[in-house]
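Keeping their order, the protein sequence lines are chains H and U.
Going by numbering that gives the first Met the number 0, the final residue of the first sequence carries number 106, and the count climbs one at a time with no gaps.
Going by numbering that gives the first Met the number 0, the final residue of the second sequence carries number 218, and the count climbs one at a time with no gaps.
Certain hints may be false.
[Unchecked claim] If you only want the chain U side, here are some residues facing chain H, beta carbon under 7 Å, derived:
no., residue
1, A41
2, L77
3, P80
4, F141
5, D151
6, I162
7, L193
8, E195
In short, the hints are calculated from the structure, not lab data.
Note that the Cβ used here is the ideal one computed from N, Cα and C, for glycine as well.
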Amino acid sequence: MKASEIIVVSAMLALATGTFALRWTGPALRARVVFPPRARQLLEAAAIVLLTALVAITTLTEGHSFADWPRPIGVAVGAILAWRKAPLVLVVLAAAATDAILRLAFP
Amino acid sequence: MRRAIVLMCLSVGLIGVSYGASAVAAGFPAWLPVVTASLVVAGSSEFLFVGIIAGGGNPFAAALAGLLVNARHVPYGLALPDVLGSGWRRVLGTHVMNDESVVMALSQPDAARQRGTYWMSGLGVLLCWPLGALLGAGAATFVHNTNAFGLDAIFPSVILALILPALKDKSTRHAALAGTAVALAVSPFTPAGLPELLALAGAAIILLRKPKQEAEAAR
């Protein structure tokens, strides 16, 4: 195993252990503390902010510059379908197909 | 309810396929998404983890970002009815606590059905998520230029489809837009992985302002 892989695996184990600890906390605390709904809302919103930023970065950038067009257009098609409440299978297939066809048409 | 759980597991498996495929396409060995899927079992944090490292970010910064996304399991555990049991059951039951199992259990009217639904959907996800990742990783190992098949559009589309319902909330949406604007603005100048974390700083300004406005509106 390469040194870089060992670092990635250690970080992954840290994520796995930490996630288990977070899951354990709720039931262990339930009887003892009252978790304010506001804190709960903030945690949920923070997760959505991180994920939205991740979507934007992976859709629009490649390294330090802008991505070529097929990917953002494919994601936009998927987004419109998801917004229209299409099933996830359709969202995924339409996004990938749009991206692939554009790459084939404008190499 | 059984039918709903099976459909849910199938769609989790499908997301797993795109997860395994995008991880391998990004240069990770095929076993990594599969092992991660079994040990972490929290899709969005794994996508974030893999995405940040693939972009060249520090793996521990990626783990930290993943833990932040997984912090929602604390309120989940607080909201969860008594379904876990004790001893090894409690350990396994804790491991299968996820968005799907908690939501499905909470939708049930009585304790017995809550327990059954929680365990069925939790174990279903624990099975389907790594299995999907395995299929996706296997497929991507044999196909070299995965971009040509549009696979690079799958990952952001899946996440977007999953977070879309949460973005209907106005303050969450504004915070997400502000955070994303910050992330995109800094991305040309910052190391990979940092833009997503800086998005939180941008969003904090909007999120923490809210109660004050509500207090003023109440006056």
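These are the hints, each one checked on the structure:
1. A41: 6 Å, holds
2. L77: 4 Å, holds
3. P80: This hint is violated: P80(U) lies away from chain H, its Cβ roughly 10 Å from the closest one there, beyond 7 Å.
4. F141: This hint is violated: F141(U) lies away from chain H, its Cβ roughly 17 Å from the closest one there, beyond 7 Å.
5. D151: Status holds, d = 5 Å.
6. I162: 5 Å, holds
7. L193: 10 Å, violated
8. E195: 5 Å, holds
In the structure shown, a violation is registered for the earlier hints numbered 3, 4 and 7, in ascending order.
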